[in-house]
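Undergrad: Sequence:
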Amino acid sequence: MLGPLRASRRRPSFGPQHVCGAAALLLLLLSVSVLHSRLGSSSLSGLPDPKPSLFSSDVDPLFADEDSDPGSSDPIDGGDVDDDDDGGREEIIRAVGAGDNDDEETSKNPRPGLVWDPLFATFRRPFDKRSTVDDEEDTRIDRAAVVFSSDDRPVDEEIRSKLDSIKSIEDALLLKPTRKRRGASPLRDGWAPWFESRGEFLKKDKMFRLNLDVLDPLKHPLLQDPDGGGPVTEGDRLIKKAIFKSLEKTPMGKIGEDEKVKKVERRTLGHTYAGGGRWGYFPGLEGNLGFSEFVLKFFKENRCGVRVFMVWNSPPWMFGVRHQRGLESLLHMHRDACVLVMSETIELDFFKGFVKDGFKVAVAMPNLDELLKDTPVHVFASVWHEWRKTRHYPVHYSELIRLASLYKYGGVYLDADVIVLKSLHISKNYIGMEDQLAEAPILNGAVMAFEKNSPFILECLKEFYDTYDDARVRWNGADLLTRVHGRLDHAGKKSQLMLIVEPSYAFFPINSHNITRYFTAPGDDAERAQQDLLFKKILNESTAFHFWNSQTYSLVPETDSLVERLLNHHCLRCLDIL
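Residue numbers (the working numbering): 1 to 578.
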């Protein structure tokens, strides 16, 4: 009883797990056969097709044993391939045999320019481009129609059309559109906002600026053009620093007295600079003269018809053609004038072109200890190193130098932005009124002439010392002259000083509020007629014309404008463009 019962409960020999395993095996074999057939078809693409399929048997020709029997089912060694297809079978054998021997090349390549790759069992293009140059047709690439980028990949049609639309250098530089160039560069589409925001970030990035400082011409002396204009360069700062350093080593006032000073002529890029024992330069004068000796000898040995002082304390590049016109107009009216330009910033031979033409123009660097000696403002020489660090030092320095020069030597002082229209009165002690129609008339020192040791100039020097304010621009200049004149006039001492105050039209025919409108050419006949009348009136009544450079330095006088006609009225180098 138990035997048949146990037999009935015995499990069958083929369960569900065996069925699943068999199905998985069949699927694996099927996928392998499909993959095998696809590899075989890709490897024989372009080969002459033999009548029986290469992989019709179960044996893979790639893995067939070379010593297999000729009577086996291998289609390569015999069996199913016809004898009249011996040529095709030979090519197949050689192609497959190339996979077993990497050193041998196919003797007959079914596709010229291709090589057999044993790793992928297929033909491919060789890595050496020279093997494919001979067959241009098989590459099927129209080289005239394809543009390649830097990595030799074809650029798509959209980018090529954008490149073709670039017509100017501004488009290639991706510049923003302006009034003159309204159309924006097509290359800016899409990523221009990111590019500009990135540029703004780099401008503010201190590390980025620090890395590019060596390429900045303004901060690298070797990248600067010594004859070109521009802002204050690093070379200018280095030269000025060297001048100050040489002066700090030698106390002012002791040159030629307590110390032996060698003749030092510092020449850089063909120019002569102040430094060491040199304070001024003019052909024929010794280079080791002290400041006072140089000034006296320059005026004495050149038989000056009139002594003229000018002050320039800005960088050399700021001395433009309009300032040159002022010097030309002076030399036109007074060819025998001796012009001494006081400056800390320009080269001592800055005006060598005028000197070659026979004019007497020299540059001197003021020695404040000598110039201010025996005057109420001598203390400014001792505090000069701290004084030059103040905000308005160039303006205040100019105000002091003009007063001290006139008091020490006597003569005429002219601002660099003054055009001389008539002969200057040499024997008078005069000064000009800035605006005669103002409620409180103001004097202006742009043009003035005084004798040596003038009492009026002495009072101005006292006022400079007593009321100096380094935070106010005009307080130590035009306002100072006005205060001193008003105090002396109120005290009844004006007649004792023999001071003449010229009306405003003598030196300032156009005030500072209206000067800018005359830098433009007249717009119609009525305006042209009005400017013609004003031009004739200025030539008849005015001795000089002040074009107010502090208000007009950024303006360029247009052709046929009133200012342009006045600037060129007495020009010597008229071809120089304003």
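Hints listed in this document are in silico derivations from the structure and should not be mistaken for laboratory results.
Here the structure is a predicted model, which means the values were calculated and not measured.
Mixed in with the good hints there might be a few duds.
Unchecked claim - Derived lysine-lysine pairs resembling BS3-like cross-links, with alpha carbons at most 30 Å apart:
| # | residue 1 | residue 2 |
| --- | --- | --- |
| 1 | 462 | 452 |
| 2 | 245 | 167 |
| 3 | 422 | 352 |
| 4 | 297 | 452 |
Said to hold, decoys possible - What follows is a list of derived Cβ distance ranges for each label pair:
| # | residue 1 | residue 2 | range |
| --- | --- | --- | --- |
| 5 | 301 | 435 | 38 to 44 Å |
| 6 | 296 | 483 | 29 to 35 Å |
| 7 | 28 | 122 | 21 to 27 Å |
| 8 | 573 | 162 | 48 to 54 Å |
Glycine included, each C-beta is placed from N, C-alpha and C at the ideal position.
Undergrad: Compare the structure with each hint and give your call.
TA: Here is what the structure says about each hint:
1. 462 / 452: Holds. Residue 462 to residue 452 sits at ~16 Å (cutoff 30 Å).
2. 245 / 167: Judged against 30 Å, a Cα distance of about 54 Å means the pair is violated.
3. 422 / 352: OK: residue 422 and residue 352 at ~25 Å, within 30 Å.
4. 297 / 452: Holds: residue 297 and residue 452 sit about 16 Å apart, inside 30 Å.
5. 301 / 435: 38 to 44 Å: Between residue 301 and residue 435, where Cβ atoms are some 41 Å apart, the hint holds.
6. 296 / 483: 29 to 35 Å: The hinted range 29 to 35 Å holds for residue 296 and residue 483, with Cβ atoms some 32 Å apart.
7. 28 / 122: 21 to 27 Å: Check passed, 24 Å falls within 21 to 27 Å.
8. 573 / 162: 48 to 54 Å: Once the Cβ atoms are compared, 50 Å apart, the range 48 to 54 Å for residue 162 and residue 573 holds.
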